[in-house]
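Novice: Spelled out from the first residue to the last, the chains are:
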Amino acid sequence: MHAVCCIKQVPDTTEVKINRKTGTLERKGVPSIINPYDVHGVEEAVRLKEKYGGTVTLLSMGPPQARDALKKAMTFGADRAILLSSRVFAGSDTLATSYILAEALEKIDAEERIDLIFCGKQAIDGDTAQVGPGIATRTGVSQLTYVMEIEAVDFTKGEIIVQRKLHGARERVRARLPALLTVVKEINELRRASLPNMIKAARSEIEVWDEKDLDGEVERMGLKGSPTAVTKIFPPAPRDRGEIIAREGDDPEEAAARLVELLVVEKVIADI
Amino acid sequence: MLVRRLRRAYRRAAVRGYKPPAAAESYRGVWVLVEQTAGEGAPVSWELMGVGTKLASELGVPLEAVVLGDGVEHLAGEAIAYGAKKVYLVDDPVLATYRTYPYTRATVDLVRKYRPEILLMGATTFGRDLSGAVATELETGLTADCTRLEVDPETRLLKQTRPAFGGNVMATIICKKHRPQMATVRPRVMEMPKKDGSRSGEVVREDLFLAEDEIGTWVLETIEEKGKAVYLDKAEVIVAGGKGLGDAANFELLKELADVLGGTLGASRAAVDAGWISAEHQVGQTGITVRPKVYFAIGISGAVQHLVGMQTSDVIVAINNDPKAPIFKVATYGIIGDLFEIVPALTREFKAKLSSPRAGAKGGRPWTKSLMLR
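First to last, the sequence lines map onto chains S and W.
Heads up, the first sequence is in my numbering, so the first residue is 1 and it goes up one at a time.
Heads up, the second sequence is in my numbering, so the first residue is 1 and it goes up one at a time.
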């Protein structure tokens, strides 16, 4: 089995603040983390490797610092890590990103045939959920999003059965391999990194590839290859400030009565 | 090797050679792709018809809809009732249950043939799975989770505004040269338009030339999780709790209030991460976007990530002991104080007010009335 896990280094968005005056992001000192959903993809790939044997390759695109994310992800028990990093890749939107990743996957596949590609269901900085489907479409592999369980894999037959998490339902799907899975957190519980894996990760070399390592056309990468452009960034519009109807020290019963009165008077909540 | 085995869709494009997209000027019209499950249209699709009508009239083009499925002709009529002037209908057994590949093929073929300048879909599990694949095949831009859509009638560009960086900022995105301009919108973000059965429109049937064995995925079964499912997006009253509750057991207090109001329990990410309540209840950027008539935020400080998921609620009630909590900035009514005193008092008060003799005839269940607050 050969699984490739796509991971993204993201700013911990819960720590990002906005400067209300300038409308710009205060990213200074914001810690970088591996996108939390991607980690579950790596864990799942490693579990499959433990069961069926094989290789787990990590793939990321980003600035040179994204090496740290790959090093960290290696501790889960992966075998190889590749970082796609180049000025040419900078400014890629989701369309250009999936193009570059698909080109890299082609190259990885030529070295060792790929059975499964893992992505997180979405990244927490962009929340687009577009790169996974983008890669699947470009490579033509089966696309399985929001996977919450792998029921069975048959590498000889070239088939997989998964459960997808839908709204208020789960869907059991059988698909041909190779397949791309985007995973939700429920798919597994993360385990503590084992000592041998930590040592292996510490000793591992992160391979860095740029556009010269890929077959693709440079015009379809980075800013040039991105159809979308951000024209404006601004702080979210504040909602009209309402009224404070009770403060510390006021009688809770009275406060409650006042609120109920208000809601009933305005017929927000009404009786029949 | 990967190429030969894997690149079904991509291969076709590659063999033809990559061509830059046709001139943007040759694309005209606004499309909404109608999502359906077992023949039932998703409300988000009708919500999109509302905003789509506005965009289309500003551009001076008709609003058109795409209906895909098996035995879904009635949805074409429904789309017309919601404002579509023309509906492209692909009715084929291969489309009986949603699968990425056949739905992508059907959509892409229609777009290539009729060239709309704008294509909108719901940002649901379905829409997110499909839109990414369609945009890639068409080599065009796609903006997810838009909260505002406007057009510039001069340039005909769609200005797509969405939260970025976990909701910390809003970004307006355009897609200058590639067509169609694609965007998704979450359920309950746009207003539901009026349905009018007297409207008329044209239905254009199209065939899908796709054999079952080309597809490679099979849906074995769909297991409803009715008991477990939380329909926050449909709730009219939401009683949500956060870190201030301090303990899983205290959600019981909220549940009592919710039961009196016929409401649904919601939660902030902090409460979900603490394991006090399941992820299905999470409201916000990584959870669900809601737009109830009343949203009770109890012991929720109001991080931006939470606010983006609930700030379009009609009325927001915040109960928190920290007067500086950002939630008070968005609250219609704020109560600064101890939630452990106020919530039970509220429950008692609502119980007393809402159990008039007349209510008893209908089981005493209160109802919510739509209110034009905005």
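FYI, nobody ran anything at the bench for these hints, they're computed from the structure.
Don't take every hint at face value.
[What the hints assert, rightly or not] A short, non-exhaustive set of chain W residues, derived as facing chain S with CB atoms under 7 Å:
1. 100
2. 125
3. 276
4. 346
[Unchecked claim] EDC-like cross-link-like pairs, simulated, lysine to aspartate or glutamate; straight-line CA separation at most 20 Å:
5. W:353 - S:217
6. S:232 - W:154
7. W:351 - S:253
Ideal placement from N, C-alpha and C gives every residue a C-beta, glycine not left out.
Novice: If a hint holds in the structure, say so; if it doesn't, say that too.
Specialist: Hints and how they fare:
no.	hint	result
1	100	holds (4 Å)
2	125	holds (5 Å)
3	276	violated (16 Å)
4	346	holds (4 Å)
5	W:353 - S:217	violated (69 Å)
6	S:232 - W:154	holds (19 Å)
7	W:351 - S:253	holds (13 Å)
The earlier numbered hints that this structure contradicts are 3 and 5.
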